[in-house]
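Q: Kindly generate the complete structure, drawing on both the sequences and the hints.
In the order they appear, the protein sequences are chains E and X.
Residue 1744 in our numbering is what sits at position 455 of the first sequence, and the numbering runs on without skipping anything.
Residue 179 in our numbering is what sits at position 119 of the second sequence, and the numbering runs on without skipping anything.
Honestly, the hints are just simulated from the structure, not real lab data.
Do not rely on the hints blindly, as some may be mistaken.
Just a sample of chain E residues kept apart from chain X, beta carbon distances all over 10 angstroms, derived [to be verified]:
{"no.": "1", "residue": "1309"}
{"no.": "2", "residue": "1314"}
{"no.": "3", "residue": "1319"}
{"no.": "4", "residue": "1324"}
{"no.": "5", "residue": "1355"}
{"no.": "6", "residue": "1408"}
{"no.": "7", "residue": "1424"}
{"no.": "8", "residue": "1429"}
{"no.": "9", "residue": "1437"}
{"no.": "10", "residue": "1687"}
{"no.": "11", "residue": "1688"}
With the Cβ distance kept under 7 angstroms, some of the chain E side facing chain X (calculated, not the full set) [claimed, not checked]:
{"no.": "12", "residue": "1486"}
{"no.": "13", "residue": "1709"}
{"no.": "14", "residue": "1740"}
All C-beta atoms in this analysis are idealised placements derived from N, C-alpha and C, irrespective of residue type, glycine included.
One letter stands for each residue in the lines below.
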Amino acid sequence: MESCIIREGDNAVLDINGSHKTFVTVRRGSTVKMGKAMCCLDSLIGQYYGIQFELAADGQTLVFKRAKLERDDVATVDKWDANGTMNKNNSELLDRGDANQNLKAKDIEAMREAGMGGEAIVEALLANSETYESKTHFAQAKYRKRKADKYMAQATLIRPTARSVAEAYFVKSPQKIQCMRADSLALLLSLANIGAHARVLVVETCGGLVTGAVAERMGGTGLIVSGYTGLKAPSLDVVRQFNFPASSKASMVTATITALLHCRSQPATEGACSGADQPAAAVETLPAQPAQDTAMADAGTGEQAGDARTERLAESQCTDAATTVADTSTIGVVEEAEKGQNSTTGAEEVARIGAQSSAQQSASTSGSGRELPEAVQQACRQGFDCCILASPLVQPLALLRKVLPLLAPSAAFAVFSNYLQPLAECMLALQVSKEALAVQLQESWWREHQVLPGRTHPEMVISATGGYILTGYKVAPPS
Amino acid sequence: MVLHKEQPLGAPPRTIADGDLVILYEQFDSMKAVYVDAKENIQSRFGCFPMKDWVGKPFGSRMCAKGKSQGWVHILAPTPELWTQVLRHRTQILYAADIAMICAFLELRPGCTVLESGTGSGSLTHSLARAVAPGGHVHTFDFHEKRTEEASAEFARHGLAPIVTVQHRNIEALGFPKELHGRADAVFLDLPGPWNVLESAAACLRPDGVFCSFSPCIEQVQRTCTALAAAGFTAPRTMECLLRAYEVNSQRMVCDLDKADAAAAAAAESKKRKRDGSSGAAEGRQNGGVMHAGDGKEPFVAVYPTAETRGHTGYLTFARRLVNPIGEAVTGSEDAPSVSAEAHIAAQQ
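A: Printed below as a string of structure tokens:
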């Protein structure tokens, strides 16, 4: 039940008429664009996500929509078939452009100025259409919907989840998430065996969508390392759309793959020498656990999760705990997410970004895994349980060969690409080398259907492919 | 344990233990579920394996057969996906693409409460449990008593007992138990007549909670969708999803046509000479070697869809429990579904 109430400062997805989507932040006093109007979302704070509303005739006030009993059943359709649809057709219909509609733009403008609501305008449009009466019931319904979408825009404030965020990005800016379709993302999470308490290695250039979706599934448990190659970590901006609690942010760490590999090659005793020996390290984590639990509990109750002070406190504790080994900001994601969440001043933001990039620089240039948090060091030595690779412009085989040593034996991995051939080559190489088992190359196929009485059929236009996914399980190296 | 275990700092890496469920991997199309029993041997097509040898080894290890057979198998850690591939079918089951979609579009995350009917073979249940653990719960129901007993024992054996509750109940006839009203974040139905359960599902879901129904036939979808709005649902979406599998292999294709022609001519010539007995076998072999290098062919990685594939599993219909505004007149949002249901029944009478 957590986080289903809209809180001040939340990021959310604003859906208009079920088709147009934008990302908004709910902040008292600030306005967002809804169609052509600018409106204030203040009155949504404290409501449930999924609340539906329209703009009142004044173009500013939000009017909540209530449950309506609609019944569009098959019996009606049969009646339509008998009395309407069958003896009506479009043989008499001529496309005369605007001439079929007696109301002109200036008439509609005048109606608006007179304070008429969207519903009244739609009724007037239907009444003044030369052809509406001659249309079949199905065509009438379609016409009415088209006009309603324009004049009575209906909005829904949607909770940001992997599903809603992925779908909104796919419509708005697919290139930012490497055209990762929601079904492909769903498959990556399942096929890579993402679940609570796992230690997950993610390498992505999907703007943070994959990392965010993984973090959502893990609920602040386990560990997510967002690994990258090169000098600069790719953007993980999308993570901040999720309104994650402190525990989730604390479980995310960015690091270079080189640093992780370096850390793996260091013996356990040396890894712990960065401050303490093994037992001391175990003690060190104890304060971290309760802090995370508190943060979880905060999120769990939902009602009081808006208490920013508690949350910030828990957050700082968690962050401290996660970085006890060294205070370099390896927790790039936390910084990133915070940047979006709290309305920091520009100067502060720059300072943060500066600190972050210099930390990344040092991590990548030194190549030493020693400043990594203890939990990451342990994961590097014992191996990650799950791995998702979603960097289509890095050769899958080269990247997989790099990260395979970091995976625990029997770990599930899933590699996403928009391109089939590089994955095919990777698969063949794995089949020959036998580094992995149960290797499969699959394409996700997804088709939506319109289901209406008497008018059920697959959608006319669909996305052609969701991309390709290579999966397998790592084989234990011979002992 | 099918799910991940917490890994505190300093804990040793996980190894195979007596009593564990493991996946015995013979080759890509042949896997089976095995419960490790250190006192027993297991017979596979690749030989006889004493299971005591496995205990303490890392998952993913290659295990050699006893004696002279020289065969081996790999032992994988179980996952919900692997379990789906090896489980004993008590019913028709859901497969990877639908399962992934259901977990994602029901917006499951740790702490969520999800209702499932029917339990069937428990294929989906394992994935639901993985998505809501820890802190969440799967309430799963089946009208077949023996099946619920088997499923219950299996979940316990897989360490899912704290997360999954199985009950014997005919959901289509009785609806979900009243105790679950207002408590579910998500409801999943795989029933012959899901439209019979919509009002009960709506009563169980929190505002904005997600409903999903899986039906193989479009007529079932039609009936369900027709009844959704009246039961208090909004934003219906019906979809199909499938995974299309590809095969790969290494092949050679003609790239230099002139060279290929020359090589073919040379081969024909050599064959003719061989038939005439005018040339030694050694020369033929030598020609063969030269021919292979200069035959105008280049290797390439061939990738193509498998010849036969699943064309349909079922339709997934998703909808959300309608949200009523808080703090306005009329009834509280908690009562909304039952009110609308009663109003609907009254209207019918």
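Q: Hint by hint, note whether the structure agrees.
A: How the hints compare with the structure:
1. 1309: Nearest chain X Cβ is 15 angstroms from residue 1309(E), so the label holds.
2. 1314: 19 angstroms, holds
3. 1319: 21 angstroms, holds
4. 1324: The claim holds: residue 1324(E) sits with its nearest Cβ about 19 angstroms from chain X, beyond 10 angstroms.
5. 1355: Per Cβ check, residue 1355(E) is inside 10 angstroms of chain X; nearest 6 angstroms; violated.
6. 1408: Non-interface label stands for residue 1408(E): nearest chain X Cβ at 18 angstroms, farther than 10 angstroms.
7. 1424: The claim stands: residue 1424(E) keeps its Cβ more than 10 angstroms from every Cβ of chain X (closest is about 22 angstroms).
8. 1429: Residue 1429(E) clear of chain X: closest Cβ-Cβ about 19 angstroms, beyond 10 angstroms.
9. 1437: Fine: 15 angstroms to the nearest Cβ keeps residue 1437(E) off the interface.
10. 1687: 15 angstroms, holds
11. 1688: About 17 angstroms separates residue 1688(E) from the closest Cβ of chain X, which puts it past 10 angstroms; holds.
12. 1486: 4 angstroms, holds
13. 1709: Hint on residue 1709(E): holds, closest Cβ of chain X at ~6 angstroms, below 7 angstroms.
14. 1740: Since chain X brings a Cβ to about 4 angstroms from residue 1740(E), closer than 7 angstroms, the hint holds.
Hint compliance for this structure: hint 5 alone is broken.
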